[in-house]
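Student: First to last, the sequence lines map onto chains A and B.
Residues in the first sequence are numbered consecutively from 1, following our numbering.
Residues in the second sequence are numbered consecutively from 1, following our numbering.
There are no misleading hints in this set.
Think about it this way: if two alpha-carbon atoms lie no more than 20 Å apart in a straight line, the pair counts; the simulated DMTMM-like pairs of lysine to aspartate or glutamate are:
{"#": "1", "chain 1": "A", "residue 1": "K177", "chain 2": "B", "residue 2": "D203"}
{"#": "2", "chain 1": "A", "residue 1": "K177", "chain 2": "A", "residue 2": "D105"}
{"#": "3", "chain 1": "A", "residue 1": "K177", "chain 2": "A", "residue 2": "D98"}
{"#": "4", "chain 1": "A", "residue 1": "K177", "chain 2": "A", "residue 2": "E166"}
{"#": "5", "chain 1": "B", "residue 1": "K177", "chain 2": "B", "residue 2": "D98"}
{"#": "6", "chain 1": "B", "residue 1": "K177", "chain 2": "A", "residue 2": "D203"}
Simulated from the structure, these hints should not be mistaken for laboratory data.
There are 2 protein chains.
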Amino acid sequence: MTPDSPTRTYRRLSIEERRSQLLIAALELFAHRRPEDISLDDVAERAGVSRPLVYRYFPGGKQQLYEAALGSAAEELQQCFDEAPEGPPTRRLARALDRYLAFVDEHDTGFSALLQGGSVVETSRTTAIVDGVRRAAAEHVLRHLDITTPGLRLRTTVRLWITTVEAASLIWLDEGKQPDAAELRDWLVEQFVAALVATAARDTETATAVRTALALETADGPVASLARRVLPVVGDAAHLL
Amino acid sequence: MTPDSPTRTYRRLSIEERRSQLLIAALELFAHRRPEDISLDDVAERAGVSRPLVYRYFPGGKQQLYEAALGSAAEELQQCFDEAPEGPPTRRLARALDRYLAFVDEHDTGFSALLQGGSVVETSRTTAIVDGVRRAAAEHVLRHLDITTPGLRLRTTVRLWITTVEAASLIWLDEGKQPDAAELRDWLVEQFVAALVATAARDTETATAVRTALALETADGPVASLARRVLPVVGDAAHLL
Numbered sequence: 001m002t003p004d005s006p007t008r009t010y011r012r013l014s015i016e017e018r019r020s021q022l023l024i025a026a027l028e029l030f031a032h033r034r035p036e037d038i039s040l041d042d043v044a045e046r047a048g049v050s051r052p053l054v055y056r057y058f059p060g061g062k063q064q065l066y067e068a069a070l071g072s073a074a075e076e077l078q079q080c081f082d083e084a085p086e087g088p089p090t091r092r093l094a095r096a097l098d099r100y101l102a103f104v105d106e107h108d109t110g111f112s113a114l115l116q117g118g119s120v121v122e123t124s125r126t127t128a129i130v131d132g133v134r135r136a137a138a139e140h141v142l143r144h145l146d147i148t149t150p151g152l153r154l155r156t157t158v159r160l161w162i163t164t165v166e167a168a169s170l171i172w173l174d175e176g177k178q179p180d181a182a183e184l185r186d187w188l189v190e191q192f193v194a195a196l197v198a199t200a201a202r203d204t205e206t207a208t209a210v211r212t213a214l215a216l217e218t219a220d221g222p223v224a225s226l227a228r229r230v231l232p233v234v235g236d237a238a239h240l241l
Numbered sequence: 001m002t003p004d005s006p007t008r009t010y011r012r013l014s015i016e017e018r019r020s021q022l023l024i025a026a027l028e029l030f031a032h033r034r035p036e037d038i039s040l041d042d043v044a045e046r047a048g049v050s051r052p053l054v055y056r057y058f059p060g061g062k063q064q065l066y067e068a069a070l071g072s073a074a075e076e077l078q079q080c081f082d083e084a085p086e087g088p089p090t091r092r093l094a095r096a097l098d099r100y101l102a103f104v105d106e107h108d109t110g111f112s113a114l115l116q117g118g119s120v121v122e123t124s125r126t127t128a129i130v131d132g133v134r135r136a137a138a139e140h141v142l143r144h145l146d147i148t149t150p151g152l153r154l155r156t157t158v159r160l161w162i163t164t165v166e167a168a169s170l171i172w173l174d175e176g177k178q179p180d181a182a183e184l185r186d187w188l189v190e191q192f193v194a195a196l197v198a199t200a201a202r203d204t205e206t207a208t209a210v211r212t213a214l215a216l217e218t219a220d221g222p223v224a225s226l227a228r229r230v231l232p233v234v235g236d237a238a239h240l241l
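Please put together the full structure from these sequences, using the hints given.
Tutor: So this is what it looks like as structure tokens:
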């Protein structure tokens with residue numbers, strides 16, 4: 001950073017602006033390095049302010065700053081899930097996943113460090129923030145399936161798909177972001193369709209939700225494409241029917 | 001425990017027998033209470049020996065005893081996966097899952113505490129033991145699919161199903177072991193079939209593995225049953241084909 005870069009100027013900021021500036025600096029650092037490798041000096045330098053000023057805003061030090069940055073990242077992530085309840089459900093899911101995967105791409109190291117656990121800054125509060133995001137994700141999915149009070153089987157299927165998305169994101173980061181985000185997104189949508197259809201085979205509530213969702217899908221959409229590619233794979237198994 | 005119960009007698013045991021006796025006592029305790037709620041006194045009392053004797057075998061105290069007990073549980077768990085490579089693959093998977101779910105049922109509290117993380121006894125060594133079990137599970141599944149060097153897509157699908165099994169087990173414990181273990185087992189098998197078929201739709205290696213596996217399935221088996229129950233659910237979606 002050069003001495004005259006914009007963030008180094010000490011222009012007067014309101015309390016909220018200053019707090020937000022420090023959180024942005026912290027998020028940028030926590031995104032690409034593990035929390036244990038970041039000091040308050042790094043945050044101060046990144047924001048172009050003094051260390052005491054960081055302490056004035058976050059008297060709890062790095063732990064408080066980390067939790068505030070995580071809370072702010074969690075809000076950003078939850079905004080990824082917002083999607084109008086219109087059009088084929090798999091299209092909505094694909095758009096939300098695009099935004100989610102862009103977030104994962106942007107916060108790669110911090111995302112891995114947070115979710116792989118064992119970090120020095122992990123507390124019951126950070127766990128609660130992460131669980132809140134998972135719960136919000138599941139609620140969004142169920143809302144798009146027009147379900148308000150899901151039974152155990154449907155609820156579990158959705159929760160497990162959220163777990164799959166999270167674990168797949170970690171594997172994706174671990175594999176150097178291979179395959180590309182668009183393929184990962186399409187594959188995650190297909191895995192959701194497959195999981196839901198399999199649960200529908202033993203749960204009437206899920207079967208109704210699947211029928212309703214399928215009626216909104218189109219012949220040029222992801223479900224139709226999946227069906228056309230699945231049929232040749234299972235086509236030889238006529239002995240099972 | 002009464003004073004004259006067998007484990008209270010101080011009969012001479014070999015070093016290995018004594019060590020094994022202490023591990024069994026520790027495992028019984030760690031299975032049903034969180035590690036932080038167990039003291040070495042509890043272990044000594046359970047095994048019917050003195051506290052110094054426990055320390056003689058485990059000079060590292062509770063941490064060392066916990067890791068040794070976990071290693072012993074991990075071996076037990078890996079034995080659940082052993083299954084002859086004969087017959088319909090879903091039957092083999094169902095039998096391995098039966099043994100796995102019996103293990104989860106038996107070690108319920110310890111299983112949850114271990115996998116939900118944040119425990120005081122969690123270290124890089126305990127994480128490595130758990131990861132070793134996950135890796136072994138994935139290798140077993142791939143071996144039954146006749147795959148030795150899986151590509152990224154198939155490898156990821158299997159790893160994510162292992163994650164699903166683990167997460168489903170935690171939800172199952174959390175929901176008071178509902179639905180019953182047999183239904184959970186059948187549902188996990190069906191979810192695996194669905195995930196694999198969906199991946200086969202975009203990956204030739206997986207498609208070959210699925211075709212080979214389907215040829216070994218029978219008309220009275222789990223895949224046929226799933227197919228018969230899926231068809232009515234998707235039957236109305238002819239507009240997609």
